[in-house]
Amino acid sequence: MLPPTPPRTPSPPLPPFTGPLECLAPPPSPQRWRWRCHNCGARYRIATTRRCLGCSHYFCTTLTSPVMKPKHSPKRPKQLYKKRGSQTCASTFDYNGWARYNSWRRLALLSSPSSSSPSSSCSKSTKLDESYATFHPTPLSFFSAASDDDDDSEFYQKVQWTPIKTPIHRRRVVLAKERLYVEKKHNCFLHCDYPSECRHMLFEAYEQGRVKFVQDEENGCRWEIVDSGPEPEGEEVDSEMALF
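For the sequence shown, the residue numbers in the numbering used here are 15 to 258.
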């Protein structure tokens with residue numbers, strides 16, 4: 015008979031992050047964006063080629079016009095009636111990995127001493143808000159990137175990047191990004207965590223009634239915010255934000 019399992023001792027709370035934000039250790043590199051040709055099944059990295067080297071098919075994401083399959087006729091080979099055009103090339107994109115990496119990158123750029131942004135001298139909580147971070151750093155341990163012989167070695171704090179959990183904070187980030195995209199003050203290379211995130215978020219906000227599409231002769235076509243709802247209360251802050 016096996017002995018009873020002793021109760022698990024809860025781990026002690028992690029110390030709060032006290033160092034400068036620009037010294038945060040970067041998260042693991044995201045996985046490569048890969049795709050598979052639906053004609054021959056060959057696999058490639060999207061950064062390497064968008065054309066299959068085996069059958070010369072280009073990477074497609076939308077359905078082509080399908081060919082209707084006629085009734086079988088013994089006079090013609092059966093393979094000629096194969097249905098085509100009803101498939102797309104499969105692809106794998108590391109959404110969480112790139113959101114985690116871009117959260118660190120925007121936060122590091124805002125905290126850089128050479129940054130010309132007015133938020134470079136703001137508090138840590140303000141930088142987290144203006145970085146549109148969907149992943150926040152949680153401290154793990156301390157390590158030194160320099161040698162032990164260097165007396166002036168700068169200590170960094172190793173962290174793990176965990177997603178924001180409270181609905182209030184998630185809604186605050188979504189509304190802030192929507193306003194940024196509506197006002198066209200964004201940079202897709204910097205603010206989009208996945209391809210065409212700005213378009214997808216605006217379309218989702220349009221379907222949910224938070225933005226509208228306006229067209230007039232003076233300003234042309236543009237997006238406008240209808241009602242972003244009540245702003246989240248500042249008192250209800252999640253535990254990860256309280257670390258800062």
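Among the clues, some could well be false.
[What the hints assert, rightly or not] No more than 25 Å apart at the CA atoms, straight line, and that leaves these computed lysine to aspartate or glutamate pairs for DMTMM-like:
1) K198 - E218
2) K179 - D207
3) K226 - E238
4) K179 - E144
5) K198 - E221
6) K198 - E238
7) K226 - E211
8) K179 - E211
9) K179 - D230
10) K199 - E221
11) K179 - E192
12) K226 - E197
13) K179 - E232
14) K179 - E231
It is worth saying that the hints were derived from the structure and are not from the lab.
Fair warning: this is a prediction, and the values are worked out from it, not measured in the lab.
Hints versus structure:
1. K198 - E218: holds, 17 Å
2. K179 - D207: holds, 18 Å
3. K226 - E238: Roughly 5 Å between the alpha carbons, so the hint for K226 and E238 holds.
4. K179 - E144: Status holds; Cα separation ~18 Å.
5. K198 - E221: holds, 19 Å
6. K198 - E238: holds, 11 Å
7. K226 - E211: Holds, at about 18 Å.
8. K179 - E211: Roughly 21 Å separates the two Cα atoms, so the pair holds.
9. K179 - D230: violated, 41 Å
10. K199 - E221: Distance of about 22 Å is within 25 Å: holds.
11. K179 - E192: holds, 19 Å
12. K226 - E197: holds, 13 Å
13. K179 - E232: Given that 25 Å is the threshold and the Cα spacing comes to 43 Å, the pair is violated.
14. K179 - E231: Violated: K179 and E231 sit about 44 Å apart, past 25 Å.
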